[in-house]
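Just so you know, we're using our numbering here: the sequence shown kicks off at 1 and counts up by one.
It is possible that some hints are incorrect.
As the list claims (entries may be wrong) - The calculated label-pair distances, taken between Cβ atoms and stated as ranges, are:
| id | residue 1 | residue 2 | range |
| --- | --- | --- | --- |
| 1 | Asp320 | Gly349 | 20 to 28 angstroms |
| 2 | Thr84 | Glu314 | 44 to 52 angstroms |
| 3 | Gly69 | Thr239 | 55 to 63 angstroms |
| 4 | Pro206 | Gln317 | 26 to 34 angstroms |
What the hints assert, rightly or not - As a list, the in silico EDC-like pairs of lysine to aspartate or glutamate whose alpha-carbon atoms are at most 16 angstroms apart:
| id | residue 1 | residue 2 |
| --- | --- | --- |
| 5 | Lys268 | Glu197 |
| 6 | Lys268 | Asp316 |
| 7 | Lys268 | Glu241 |
| 8 | Lys268 | Asp346 |
| 9 | Lys268 | Asp345 |
These are calculated hints, taken from the structure and not from any lab test. The C-beta atom is built at its ideal place from N, Cα and C for all residues, glycine as well.
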Amino acid sequence: MVIHVIQQSSGTATRKVSQTAALCCAMALSGCGDPLGPPPISEAAAAYLDRALDVMEEHSINRYTIEWGPFRERAFLFAVGAQTPGDTYDAIRFAVYQLGDNHSSFREPSGAGQAAPPAPPSGTPPNPDGQLLEGRIGYVRLYGFSGSESVQHADTIQGTIRQLDSPAICGWIVDVRLNTGGNMWPMVAGIGPILGEGQVGAFVDPDSIWTHWFYDNGGAGVVPNTRVSVSGTAYELNTPEPTVAVLTGPITASSGEAVVVAFRERPKTRSFGQGTYGVSTANSLFTLSDGAELILTVSTLADRTRHIYGGVIEPDQFVDGEVADDPASGDAVVDAALAWLTSSDDCGGAQ
1 MVIHVIQQSS GTATRKVSQT AALCCAMALS GCGDPLGPPP ISEAAAAYLD RALDVMEEHS
61 INRYTIEWGP FRERAFLFAV GAQTPGDTYD AIRFAVYQLG DNHSSFREPS GAGQAAPPAP
121 PSGTPPNPDG QLLEGRIGYV RLYGFSGSES VQHADTIQGT IRQLDSPAIC GWIVDVRLNT
181 GGNMWPMVAG IGPILGEGQV GAFVDPDSIW THWFYDNGGA GVVPNTRVSV SGTAYELNTP
241 EPTVAVLTGP ITASSGEAVV VAFRERPKTR SFGQGTYGVS TANSLFTLSD GAELILTVST
301 LADRTRHIYG GVIEPDQFVD GEVADDPASG DAVVDAALAW LTSSDDCGGA Q
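Model the full assembly from the supplied sequences, consistent with the hints where possible.
The following block contains the structure:
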């Protein structure tokens, strides 16, 4: 869930005082050029690190709870001897860790060094898939997605729904247990026919500024701007506003959790499985002068009723069990969802 932003900032007088104090402390630690110790940090390296810290102080979700003077001093102490911007990368990683949000990360220009939630088990397909269960339940599995083919990914999800749908379908399962995150917009746009139209979630920042996000006619985005839309005509279900079971697990993370939030408090919806990974927050991307990137957590996810999350999202019904390769066989979470769906009014039962 990354919003590309080019950040150019200059420190305030207070930040410069903090930088000077930290720089002096670092120079003292280094022996101020003592040949037996590291050289003092160079002006270029200090300026680069200071700009990175400026971005953190201005945009971090924890900006009002961090004591920035000591925070900067620790970062500069970690950069003792740095002569180039690249020499400060470890100090920046240290600072990102010290932000304490468990979701921010730092990426070098080469792309190395980015932290991420755990990867799904090897061998799982990267594209969404689905199948018909018990002849009348549509099952769609969404994986993490971070590629550049956002429209194609949304198209693939809606195409999967289109292939499964028929007048006989009386309920849907949306499985995000293996969704480790990435870009939320093609996920929301793709699953939109099942999710339904309207405002389905929000971001809320530390200043209590709310930014609502939506699905509408094949597109998803933040009000009023669509971020990703399917390439053709949006698909509409044979039976709109269906009963839906959402499956979650401990590696459902970031944008995967955004999909979970989108379904929270939706009518005729229930979640099954285990608690999510616990980074139900939103990131923005800030590019530094050499092309390195700070991926900072800047806001928290909230659902359509303005309930705010931020950590683990617990399911409505806890079900322990491994993700089966074939959801029709040996998957306790799917079985629990099927039992609930087939007893629903839509499927001719009684909830």
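The hints, checked one at a time:
no. : hint                                   : result
1   : Asp320 with Gly349: 20 to 28 angstroms : 25 angstroms, holds
2   : Thr84 with Glu314: 44 to 52 angstroms  : 46 angstroms, holds
3   : Gly69 with Thr239: 55 to 63 angstroms  : 59 angstroms, holds
4   : Pro206 with Gln317: 26 to 34 angstroms : 33 angstroms, holds
5   : Lys268 with Glu197                     : 15 angstroms, holds
6   : Lys268 with Asp316                     : 12 angstroms, holds
7   : Lys268 with Glu241                     : 8 angstroms, holds
8   : Lys268 with Asp346                     : 10 angstroms, holds
9   : Lys268 with Asp345                     : 10 angstroms, holds
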